[in-house]
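Q: Take a look at the letters that make up each chain.
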Amino acid sequence: MSEGKIIQKGVHGVDCEHALCLLYQMMFIRRFEDKSAELYSAMKIRGFLHLYNGEEAVAVGAMQALTPEDAIVATYREHGQALARGISAGAIMAEMYGKQEGCSRGRGGSMHLFDAKTRFYGGNAIVGCGLPVAVGLALADKMQGKKSVTCCLFGDGAVAEGEFHESLNLAALWNLPVLFFCENNLYAMGTALKYSQSVTDLSKKVESYDVASSSVDGMDVLAVEAAVKKAVEFVRSGKGPYFLEFRTYRFRAHSMFDPQLYRTKEEVEEWKKRDPIDTFIHRLKDQGLINDTDIKELEEKAEAEINEAVVFAEAGTWEPVEDLTRFVYSERREV
Amino acid sequence: MNGEPQEVLKTTYREAVREAIRDAMRRDERVFLMGEDVGRYGGCFAVSKGLLEEFGPERIRDTPLSESTFVGAGIGAALGGMRPIVEIMTVNFSLLAADQILNTAATYLHMSGGLFNVPLVIRMATGGGKQLAAQHSHSLEGWFAHIPGIKVLTPATLEDARGMLWTALEDPDPVLIFENSTLYNMEGELPVDAGAVDINHARVCRQGNDITIITYGASLFKVLDAADILEKNGICAEVIDLRTLRPLDDATYLSSVAKTHRALIVDEGWRSGSISAEISARIMEGAFYELDCPVERICSAEVPMPYAKHLEQAALPQTETIVTTVKRMVGTNG
Ligand SMILES: Cc1ncc(C[n+]2csc(CCOP(=O)(O)OP(=O)(O)O)c2C)c(N)n1
Ligand SMILES: [Mg+2]
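Chains as they are written, first to last, in the working numbering: chain A, 1 to 335; chain B, 1001 to 1334.
Here chain A stands alone, though its shape is the one from the complex:
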């Protein structure tokens, strides 16, 4: 997704330009997700589809402080992270179409977006399985004397897995540069945090591993960005891992097969008052940095770019069935 620089008029200063860039990215992700849902209903996209509506501020804020050398390990709810990291919307859309122009050649789908250029290591759909991989990536960087950090995103549900505890312990024990980013949207499918954790204050859990931590309002992109910046500085300076909890909420169903019996409409509506995009727009408007025309322009730009992505996906090609068993083992041998 390109950056929202089209509305420079009436905007002063770098901060403003940056704020608009954040806004545009969040709007883009929201529109991309809505489009994905439409395309799911149209049967263009199949399989499991987990949308990120409501959580946009987390991915967008989190990616700001990372450099191209840093690594990302994400979950199956990762369209937003992939877009914010700079993977093209076309490649992601084509992936969800199952086309070979997709970022994983159509072999991964929505849950398994991968990209080498941005060091995006999935798209992982076994809850918790990305944490050990992130620990290993960080170990490799550290052993090779690199300054990179590894950013591992996971949900509140993953905190109940053994791998969460094993990975926090190991990363702390070996002082590894891992950012453990927990997207706490209060639910793991239909199980509210309070029904799965004896202690719902997640920071307390990592205290016992001596891992530095904090919690931040995941509906506020600037707060996310600031918290992440601090966390990245901490980790990059060699002080070991950092656990950051983003308090957020998922506006849509868990996946496309979820009648949401486990929560009330009122609860969802209550959280929607804190919509990360709406509240940010209000803030920018209050400061006189943006008006309705600007917003309309941003929306149109996102719409146009996403339509292009859809055109790209539609025009994509199917990998020949003769290639079915490729990529089980490497085709090149390297030493």
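Worth flagging that the hints you see were computed from the coordinates, not collected in a lab.
We put the CB at the ideal spot given by N, CA and C, even for glycine.
Some hints here could point you the wrong way.
Negatives, chain A to chain B, calculated, CB over 10 Å [stated by the list, open to error]:
id, residue
1, H112
2, Q144
3, T191
4, A315
If you only want the chain A side, here are some residues facing chain B, beta carbon under 7 Å, derived [as the list claims (entries may be wrong)]:
id, residue
5, D34
6, A37
7, F114
8, A116
9, T118
10, V133
11, V135
12, L139
13, A160
14, S167
Given chain A, put chain B with the ligands in place with the hints provided.
A: Frame of chain A; chain B with the ligands shown alone:
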């Protein structure tokens, strides 16, 4: 060989594995070893004894009891440009890491459409015979051989114990190496310049015309003993060490069966759904009309491994059973 007498060293299977690790660590600074008790303790089977002193704690890493996470970390480190050797104490504990092996290591290349290969080596001990009972004695390498995306090696000989590791490390994809723990004390000789070996082919260890006995791992030696006894009875068995369970080298055993017209598979795994079942099926598919009698199998009895020695020995494939089975097979249809 060029006819010159080769200089040889007396060694053990354990030392051969250790030498393989040491050699790899010296050759490639990306290689490191991690696992439970590989460092200060010296390895639960003393394989890595002395390596901590030689290479230091950065490269000989003691891990916590977190199989899933240190295997996953091995995957991450491999993705990040290192060449980790992960040691899991025994295959029994690998089940705590089965998710990472199957769902991550074996899938990443494919799921990413060819972007991310995982050059990881995982070593672990396997097998029974030491009265360690039902949670420490199983042979699950055949299970792992079910999984596309990984390779499964079962070194039985000193040459393979010494030589398979480096070849595995050069492989761009995940390789699992199963070391039968009853072999660690096995003594023998190795050329002083022993090194990397091929991992793509089975080996005919003994030539014969009357029957093909296909096996791997520690059972190889029971089969070779049986072949000696059978020879005295006028039966000449061809013995094949599979060496690699995935991918299977079909050509070697199929061409042997085409010559001997009989096949027996000896496998320390359980019989149902085993690698021996797979090989039997492939013989039906690839050499059915060559057969003079049905393919037979000798596997472990279908019980969790018992502790009592006589029961454990009764559960494992044994030389005597191999001898009587072969006599019957050859006798039925000659
Ligand atoms: C190991 C494992 N168990 C169960 C599942 C099925 N599952 C998929 S998503 C999910 C909930 C995860 O919740 P959370 O980690 O909070 O992430 P969120 O979906 O809220 O983003 C479950 C149980 C799975 N994919 N992996
Ligand atoms: Mg959740």
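Q: Evaluate each hint against the coordinates.
A: Consistency of the hints with the structure:
Distance to chain B contradicts H112 (chain A) as a non-interface residue, since its nearest Cβ pair spans about 4 Å, not more than 10 Å. With a cut of 10 Å on Cβ distances, Q144 (chain A) falls inside the contact zone with chain B, its closest approach being about 6 Å. No Cβ of chain B approaches the Cβ of T191 (chain A) within 10 Å, the least distance being about 20 Å, so the stated non-interface status holds. Separation of A315 (chain A) from chain B is adequate, the least Cβ-Cβ distance of about 18 Å exceeding the 10 Å criterion.
Among the interface hints, the one on D34 (chain A) is violated; its C-beta lies about 26 Å from the nearest C-beta in chain B, farther than the 7 Å criterion. Taking 7 Å as the C-beta cut-off, the interface hint given for A37 (chain A) is violated, the closest approach to chain B being about 23 Å. Interface hint status for F114 (chain A): upheld, as the beta-carbon distance to the closest one in chain B is roughly 4 Å, under 7 Å. Of the supplied interface hints, the one on A116 (chain A) holds, with its beta-carbon coming within about 5 Å of a beta-carbon of chain B, less than 7 Å.
Given hint, T118 (chain A) at the interface with chain B, is violated; its Cβ is 11 Å from that chain's nearest Cβ, farther than 7 Å. For V133 (chain A), the interface hint holds, the least distance from its beta-carbon to any beta-carbon of chain B being 4 Å, beneath 7 Å. This hint holds: V135 (chain A) has a C-beta 5 Å from the nearest C-beta of chain B, less than the 7 Å allowed. Checking L139 (chain A) against chain B: minimum C-beta separation of about 5 Å stays under 7 Å; hint holds.
Violation of the interface hint for A160 (chain A) is found here, the shortest Cβ-Cβ separation to chain B being roughly 14 Å, above the 7 Å cut-off. Because the smallest distance between the Cβ of S167 (chain A) and any Cβ of chain B comes to about 5 Å, under 7 Å, the interface hint for this residue holds.
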